[in-house]
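K.L.:
Below, each chain spelled out in residue letters.
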Amino acid sequence: MAGGASSRIYEGAGLKLMLPSWLVIGIFLLAPVAMMAVYSFLTKEFRGGVIWEFSLAAYDQFFFDRGLFGDEAPTIEWTYIGIFWRSIWQAGLATLACLLIGFPTAWFIATRDPKTRSIWLFLVTIPYWVNLLIRTVSMKFLIRDTGPLNEFLLALGVIDEPLGLINTNFAVQLGLFYSYLPFMVLPIYAAVERYDFSLSEAAADLYSGTWTTLRLVILPVVKPGIVAGCILVFVPSLGAFLAPDLLGGAKTFMIGSLIEEQFKGSAGNWPFGAAASMILLTIVMCVLLVYARNQNKGETR
Amino acid sequence: MTSPDIAVAVDRVIKRYGSVTALHGVSLDIRENEFFTLLGPSGCGKTTLLRAIAGFEDVTEGRILLKGQDLTGLPPHKRPVNTVFQQYALFPHMTVTENVMFGLLRKGWSRPEAERRVRDVLHLVQLSDFAARKPGQMSGGQQQRVALARALAPRPEVLLLDEPLSALDLKLRQAVRMELKALQRETGIAFIFVTHDQEEALTMSDRIAVMSAGRVQQVGSPREIYEAPVNRFVADFIGETNLLDVAVQSISAGQANVLLPGNHPFTCPAAAVVEPGAGHLSVRPERISLCPEDQGHLRATVTGHTYLGTDIQLHVVLVDGETMSVRLQNAETTLVPDTGSVIGLKLETGAARLLAD
Ligand SMILES: Nc1ncnc2c1ncn2[C@@H]1O[C@H](COP(=O)(O)OP(=O)(O)OP(=O)(O)O)[C@@H](O)[C@H]1O
Ligand SMILES: [Mg+2]
Numbered sequence: 001m002a003g004g005a006s007s008r009i010y011e012g013a014g015l016k017l018m019l020p021s022w023l024v025i026g027i028f029l030l031a032p033v034a035m036m037a038v039y040s041f042l043t044k045e046f047r048g049g050v051i052w053e054f055s056l057a058a059y060d061q062f063f064f065d066r067g068l069f070g071d072e073a074p075t076i077e078w079t080y081i082g083i084f085w086r087s088i089w090q091a092g093l094a095t096l097a098c099l100l101i102g103f104p105t106a107w108f109i110a111t112r113d114p115k116t117r118s119i120w121l122f123l124v125t126i127p128y129w130v131n132l133l134i135r136t137v138s139m140k141f142l143i144r145d146t147g148p149l150n151e152f153l154l155a156l157g158v159i160d161e162p163l164g165l166i167n168t169n170f171a172v173q174l175g176l177f178y179s180y181l182p183f184m185v186l187p188i189y190a191a192v193e194r195y196d197f198s199l200s201e202a203a204a205d206l207y208s209g210t211w212t213t214l215r216l217v218i219l220p221v222v223k224p225g226i227v228a229g230c231i232l233v234f235v236p237s238l239g240a241f242l243a244p245d246l247l248g249g250a251k252t253f254m255i256g257s258l259i260e261e262q263f264k265g266s267a268g269n270w271p272f273g274a275a276a277s278m279i280l281l282t283i284v285m286c287v288l289l290v291y292a293r294n295q296n297k298g299e300t301r
Numbered sequence: 001m002t003s004p005d006i007a008v009a010v011d012r013v014i015k016r017y018g019s020v021t022a023l024h025g026v027s028l029d030i031r032e033n034e035f036f037t038l039l040g041p042s043g044c045g046k047t048t049l050l051r052a053i054a055g056f057e058d059v060t061e062g063r064i065l066l067k068g069q070d071l072t073g074l075p076p077h078k079r080p081v082n083t084v085f086q087q088y089a090l091f092p093h094m095t096v097t098e099n100v101m102f103g104l105l106r107k108g109w110s111r112p113e114a115e116r117r118v119r120d121v122l123h124l125v126q127l128s129d130f131a132a133r134k135p136g137q138m139s140g141g142q143q144q145r146v147a148l149a150r151a152l153a154p155r156p157e158v159l160l161l162d163e164p165l166s167a168l169d170l171k172l173r174q175a176v177r178m179e180l181k182a183l184q185r186e187t188g189i190a191f192i193f194v195t196h197d198q199e200e201a202l203t204m205s206d207r208i209a210v211m212s213a214g215r216v217q218q219v220g221s222p223r224e225i226y227e228a229p230v231n232r233f234v235a236d237f238i239g240e241t242n243l244l245d246v247a248v249q250s251i252s253a254g255q256a257n258v259l260l261p262g263n264h265p266f267t268c269p270a271a272a273v274v275e276p277g278a279g280h281l282s283v284r285p286e287r288i289s290l291c292p293e294d295q296g297h298l299r300a301t302v303t304g305h306t307y308l309g310t311d312i313q314l315h316v317v318l319v320d321g322e323t324m325s326v327r328l329q330n331a332e333t334t335l336v337p338d339t340g341s342v343i344g345l346k347l348e349t350g351a352a353r354l355l356a357d
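Order-wise, the sequence lines are chains C and E. When we follow the numbering used here, the leftmost residue of the first sequence carries the number 1, and every step to the right adds one. When we follow the numbering used here, the leftmost residue of the second sequence carries the number 1, and every step to the right adds one.
It is worth saying that the hints were derived from the structure and are not from the lab. Treat each hint with caution, since some may be false.
Said to hold, decoys possible - Not close to chain E: a few residues of chain C, all C-beta gaps over 12 Å, as computed:
{"no.": "1", "residue": "GLY67"}
{"no.": "2", "residue": "VAL158"}
{"no.": "3", "residue": "VAL287"}
{"no.": "4", "residue": "LEU289"}
Said to hold, decoys possible - Below, a list of computed lysine-lysine pairs in the DSSO-like style, where the Cα atoms sit at most 27 Å apart:
{"no.": "5", "chain 1": "E", "residue 1": "LYS67", "chain 2": "E", "residue 2": "LYS78"}
{"no.": "6", "chain 1": "C", "residue 1": "LYS223", "chain 2": "E", "residue 2": "LYS346"}
{"no.": "7", "chain 1": "E", "residue 1": "LYS134", "chain 2": "C", "residue 2": "LYS223"}
{"no.": "8", "chain 1": "E", "residue 1": "LYS67", "chain 2": "E", "residue 2": "LYS107"}
{"no.": "9", "chain 1": "E", "residue 1": "LYS181", "chain 2": "E", "residue 2": "LYS67"}
{"no.": "10", "chain 1": "E", "residue 1": "LYS107", "chain 2": "E", "residue 2": "LYS134"}
Claimed, not checked - Facing chain C, from chain E, some residues (calculated, C-beta under 10 Å):
{"no.": "11", "residue": "ARG79"}
{"no.": "12", "residue": "GLN86"}
{"no.": "13", "residue": "PHE91"}
{"no.": "14", "residue": "ALA153"}
{"no.": "15", "residue": "PRO154"}
{"no.": "16", "residue": "TYR307"}
Where a beta carbon is used, it is the ideal one built from N, C-alpha and C, also for glycine.
All chains, please: the whole structure from these sequences, using the hints.
P.N.:
Okay, here's the thing in structure tokens:
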């Protein structure tokens, strides 16, 4: 968008200067994805690993049920589609929760005076200096039936028996929410910080009350930040396996855990894990494409 | 107190920000259908006053009346005034049409009516061809006109403009001045216009309030302000002037008898408050003519000149060491005296005025 002239200056040097980024993208992004794609079309080896023989078995197993011995007429296999659907649902809820809490938080920080802003931002990021695994385990200890939360409430007499939070969808939600909240707060903060508050004054001047201004002016203007935040929360939530593993039970099994299991120990099925990953990747790509399409439409109009 | 043809009455308004007092008891009456300008140097409280009228700032003391109705406590979105913001504050995600329609829809106009009004207003500001553009795709001058259209569309009782021309280049600014003035005539509502550019104020306004340090110094027509400034601040701020220390001998019926440097007696109009003693004489540089050294009111030595295009500015020093400047029109026949030569200066009638501090 900015400066057509400067982009022309860099055009010639462009290819050479871009080489490092292409190398990084190639080695760390394209190569692994390509390997994953290839593995998903290979035959599984029972002790983990693959046999180099083309096969569609992994995708077949994902979508179709052919009975115990594989000789019945294929019907749709709902198990894995169900897990995917539940994961999307869980990730969507977590994204919504992060948005509802993250937006006011970001707004609050961005409207403080510039000196205190950095302190607030620092406070938001402090918990994330600790490893995700440790935080998730801590969460488990906090909310389990004999943990401090329940003991505190029991001691106060607010509840008569432990809440039984662990191994529920709610616990998974809490875990996801806590894991990814800053990914929502930071992009929205960046957008709100750039927001020109004279736009709100202009809206008020033109007979618009507070909520109308929020809906018609503020939200549309900071939308890029909101969308970025939602993507940054939704995508990792979708593939998360720590929170569902540690805080959820068998009923809250998510894609991340499904994929993780296929590569763990000797019980796994590498082609199937690779196929599930490819399907997950496709879903994420679709979400991003829809976003990119909208973004372009907004700019060219 | 408020007669029916007063659009906005500002009544002893005081505004404090903590320990800073931005407005020290400002009172003004702005008439219906008038182009009223708030003029003053940076930080004198113009924006604060405008924002108080729009409702963005609460006043600490005093009140503001709109057509006789007290606005105190009314939030901005309930005040029937609209603002053209200094940086325009156009909604970047909306087209020109949507921007202009915003206030109409919020005010409860039906969509067809609003659409018709938007077309009319865009026609008025000559932007009909840009209706579908977004503000980011327009030049500064075009954006300024969108801001104007957006503020005018809902038919406000009063239009507030905070230095709306400051983002434009000189040529465009001069063209837009006239458009703005014509627009005010056409719409028939009061414009309250903020500027720190005295030329802008003089060319556009019906009346001007000159402000300094949170106080109104003088209210009057451009001519009154320029030709009959009440004090040194106004004389100095509006246009260029020479301020001479003189001895005041007597004042009667608004006329003062003074002794000019070099002890030449001189009679001139005096601002009401001046008393005999020492005073300041304001002399406009373009109202002085040159003459042989013994025939003028003042005797001066030329120290140099500056070429200004339309004019030539002559720098002189008086016998008592005070410096003055004299404007000579840059005509073919103009003779510029040499540096170092001694000349006489003749003050034209009405050129000089005795001022209070
Ligand atoms: N929010 C605020 N907090 C504290 N002081 C303020 C605030 N807004 C304005 N002031 C002070 O009030 C005084 C008047 O400010 P104002 O913005 O009205 O000046 P102005 O005449 O519009 O100047 P300019 O021509 O530079 O726009 C200034 O001294 C300014 O520092
Ligand atoms: Mg200002």
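K.L.:
Need the list of violated hint numbers for this structure, in ascending order.
P.N.:
Violated hints: 6 and 16; rest satisfied.
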